[in-house]
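Model the full structure from these sequences, guided by the hints.
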Amino acid sequence: MTTPRQEIELAVGFGKHIEKRKVDVPDGDAPPWDANSKFTVVGTDADRVDGLAKASGRAKYTYDINFPGMLYGVIVRATIAKGKLDVLEVDEARKMPGIAAVVLLKEVGNKVRFVGDPLCAIAGTNLDVIRDAMEKVRAQYTTEEHNVDFLQNPEAPVLDGDGNLIDAWPEHEIGGVIAGAEASHEGTYRTEVQTHSSLETHGAVARWQGDDLEIWMSTQATFGVRGELARALDEKGHKPASVSLHAEFVGGGFGSKFSAGVEGLAVCLLAREAKAPVKLMLDRFEEHTCTGNRPSSLMQIRAAAKKDGTLVAWDTRSFGGVGFAPGGGGVTFPQHYIAEVQKRGAHKDLVCDTDPPRPMRAPTWPQGYFGGELFLDELAGKIGIDPLEFRLKNDGQVIRQEQWRMGAGKFGWLQARNPKPGSPRDGDDPRYLRGAGLASARWGGMGNHGGRTPHGCTCRIHADGKVETRSGAQDIGTGLKTAMAMLTAEELGLAAGAISVFVGHTADPSGPAAGGSTTTPSLAPVIRHAAWLARQELAKIVAQHLGCKPEEVTFAGGKVGAEAAAKPMLSWADACKLIGPNPIETRGTRFPNYKGEAFNNGVCGCQFAEVRIDTWTGQVKVLRMLAIQDCGIVIAKKLAESQVLGAMIQGISYALHEQRLMDKRSGRMLNGDFLRYKITGPADMPPMECIMMSVANGHTNTSSVGLGEPPSVAAPAAIANAVYNAIGVPVRHLPITPDKVLQALAARRA
Amino acid sequence: MKPFTYVLPHTLAEAHTAAKKAGAVLKGAGIDLVDRLKERIEAPPEVVNLLPLKNDLAGIADDGGGLRIGALTTLRQIAEAAALQGPAFGAVRIAAGLTATPLVRNRATLGGNLLQLARCWYLRSAAFGCLHGGKGPTCLAMTGENRYHSILGWHDCVRVHPSNLAPALLACGAEYTTFFDGKQERRPLAALFPDEPTAQKAEHTLRDGEILVAIHLPKPSGDVRSTYQETREKDSFDWATTAAAVQVTLQDGTITDASIVLGAVSPVPRPRAEAAKSLIGKKPGDAAFLKAAEMAVAGASPLSQNAYKLSLCKAIVRAALTEVTR
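Chains as they are written, first to last, in my numbering: chain F, 1 to 750; chain Z, 751 to 1076.
These aren't lab readings, by the way, just hints derived from the structure by calculation.
A couple of the hints might just be wrong.
To be verified - Chain F side only, calculated, beta carbon under 7 Å to chain Z, not exhaustive:
| # | residue |
| --- | --- |
| 1 | Asn394 |
| 2 | Trp616 |
| 3 | Asp663 |
| 4 | Arg665 |
| 5 | Leu670 |
| 6 | Thr737 |
| 7 | Leu742 |
No residue lacks a Cβ here, since even glycine has one placed at the ideal position from N, Cα and C.
Written out as structure tokens, the structure reads:
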């Protein structure tokens, strides 16, 4: 059966770039917004709906869930990096006072793959008695020689003393193109492991009532982990009759919380065995070492351009420092500069005996953009062309062309650029060098309809005037709840604050995992659809009362009524009184994205940074940053800006501070805490500005595109380029710590 | 943490008697101690909390001969103290204000800052057993991961002294008073730190049960100025990679007295007397500062991963001298 469709002409694009485009809209969908739509709530500066609850501590995260008689759970983990588990004795631990359950997570004879590989889990009355019991668990191993440095993998490429890859490039005609070009360049770039560092660690509270399991979990995939747990428990012989999951507030995930993980399964098994609710939250060291990371990378780039700056060839080979499991170590280079050029790329993941990667905010992109954009600035320097001009020449994207120009004007690009890299700016203390850099951002994030089970949303209007919008998907801090309130308010002519929003309970309609910048674009059309259907229901009731046609009823400014009607407009409260005891309840449908090409199949952005380097101490200080970013039609402006600013902070952190430091001998992470794992703090944050562009893409009824990933793509690269402009030599290895800056300065002097 | 007996003393004598018992530890704010207990690198049978003695052991007062700063004075109180506002004690004020975070500074005490256990990542983890922690045959950092460790004056352990107030107070000529066996004893601050900071030695020289009561700063005479600077990898909540406290006396545009003390580069805070002496009789200027900075790291022997700290250390001495004579 095919859905009947109607063809509608939309105005798509932005600013002066508006085009008419016919789209195929499924029958029954809300009429699509486009570039000409006028909004009263959408796109405004409404506050985060749960901001006060979060700031005041009233918001209850998984960590805050407690029950009478609740026990605590802890995972006992391997202390060696590689080998085989020979003995695992837990009987003594089980007999310790206060211990209620012990479940085995690794069988004797199985491999140990990294320091932190789970062995068993223990539940008890408090964490201290469990720690005592953990000391009684006896594990013996046959150890094997381990390696925690991906560049020590036997298949790793050979580097010279400066960190440059020296193996010859594989034969290919592109070599000839580069050799014969007017300008060419080559460089090796490197990044270190970054951990997700979510403020709320992974974990859950599990409670069985008979065979019914209820679980509160810090997750970014409510429906995914519910299914995962049901299957895993079935395999363990504890098939639940039902599983309901709650994730009302989640303290960050950044891609690390798509799976229930071993901790999710362990807490369910412990609660089953202990016959009591159990809370198991990982500690900070486990969070750093056992829940994934952004993998390290090594990238070699060579490329060629004409004297006028037109790129003609692009050749890369890259290596990802994955843990014990191959995969997930890729790097993504900025493709929008090289769509038309001859290119080649090869990638290889290098395993070592550590925790493997998990997706982390724009997985594979910040690494490749750091290498790619810094490389482009080096090449621009060789040609003698301004980096901005170089971008404008090669960037095929019409939205970003506009963004580059807007950003450069707003930032004062030419004034911020150091005309003599490596020399102090006029009037500055010669101890300090300043410079400016820029970089691009790109992502897809058009959203999806959910496949076999399309995403849903419930909208209810009650007789007392209350409006509920409900989704079972989770808001990991990105702002889904606020978007839901604003979309619903827009349809009903109310203020965002008048809407009650419920997320994160699997009893409500299903929604996507919060990943890949898909939550808002996937859910916005269905949230709106549910509200639009509810509005029509209310319009019918009001029309009957007013004696007009339903389609004549308007909803604006908290008033419901019709100009043409004999009776006056009703207040929202009075209109709702007509509803009666049963609320209006509608279930929105997420139709597939419209057929045909969207105006832009994704989002564009660019960022600018100015830095100051202390040449005595090597410390890099970011002085200011600017981001220009689009996410389709902007729904919640303040939250969109918050996403971008947060990504810029995370980008500063990745560029300057964050790295996992491993003890090679033991294979154990040395800085697995927030004292030694360095994350940008308030004193390191510069003034930052974000300008959101609205672009009507014409692919759904709301034209919204995801925003989580893209702003994190540009920030590290922009900072690295600013450092290059300041000191005149590139620092090609993130994080740009003082020792590396001093080394670069010394190399420049030599 | 393991259960322990918690002692809340009414008097210094009671605290001393309790703290003398084998294995007992003294607690100020507990910023350092609670970390050690939670990590289970220590499991003392008895914890003696000094905070009930705050009335006697906290606060800054002029005792006629100079300033007396009680050991339980918080870092925030020191950073904001009116009595420390002059140029002579800038180093102390700045060092206190740079420490950790506002939340920590509101609680952390002067005594705790001076006496805390080194922050070496091997020492601080129950997963490792090292010589200084009394649980292993060698210093693990010496041949392991040592980018933040000693470059100067280390023996069989390459930890660095973590206190940032120690160099500042040493540079300002501080003394300290302790309570032991009913007696108060006053000594130069240098005596609080071991001469030969081997692995077996603690971070400080206090005997079991000896309680740090106060720090004393002499009355400055003449144009005395001090400052404190540290290099870090970030500005918010970071440990110093190197630190320098300097105090100089200027007379008619000439340096007549100077002290330079390095922090975060050695198992103890390191006064650099020769470097300081090189400044005496000189007019402030970059050439003299560069020479002093060079002398300050004389005899340094960096480890496999921390040679960069030599450049940082020279830079921070030069920067501190530039700042203090400005």
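Hint by hint, here is what the structure shows:
| no. | hint | verdict |
| --- | --- | --- |
| 1 | Asn394 | violated (35 Å) |
| 2 | Trp616 | holds (4 Å) |
| 3 | Asp663 | holds (6 Å) |
| 4 | Arg665 | holds (6 Å) |
| 5 | Leu670 | holds (4 Å) |
| 6 | Thr737 | holds (6 Å) |
| 7 | Leu742 | holds (5 Å) |
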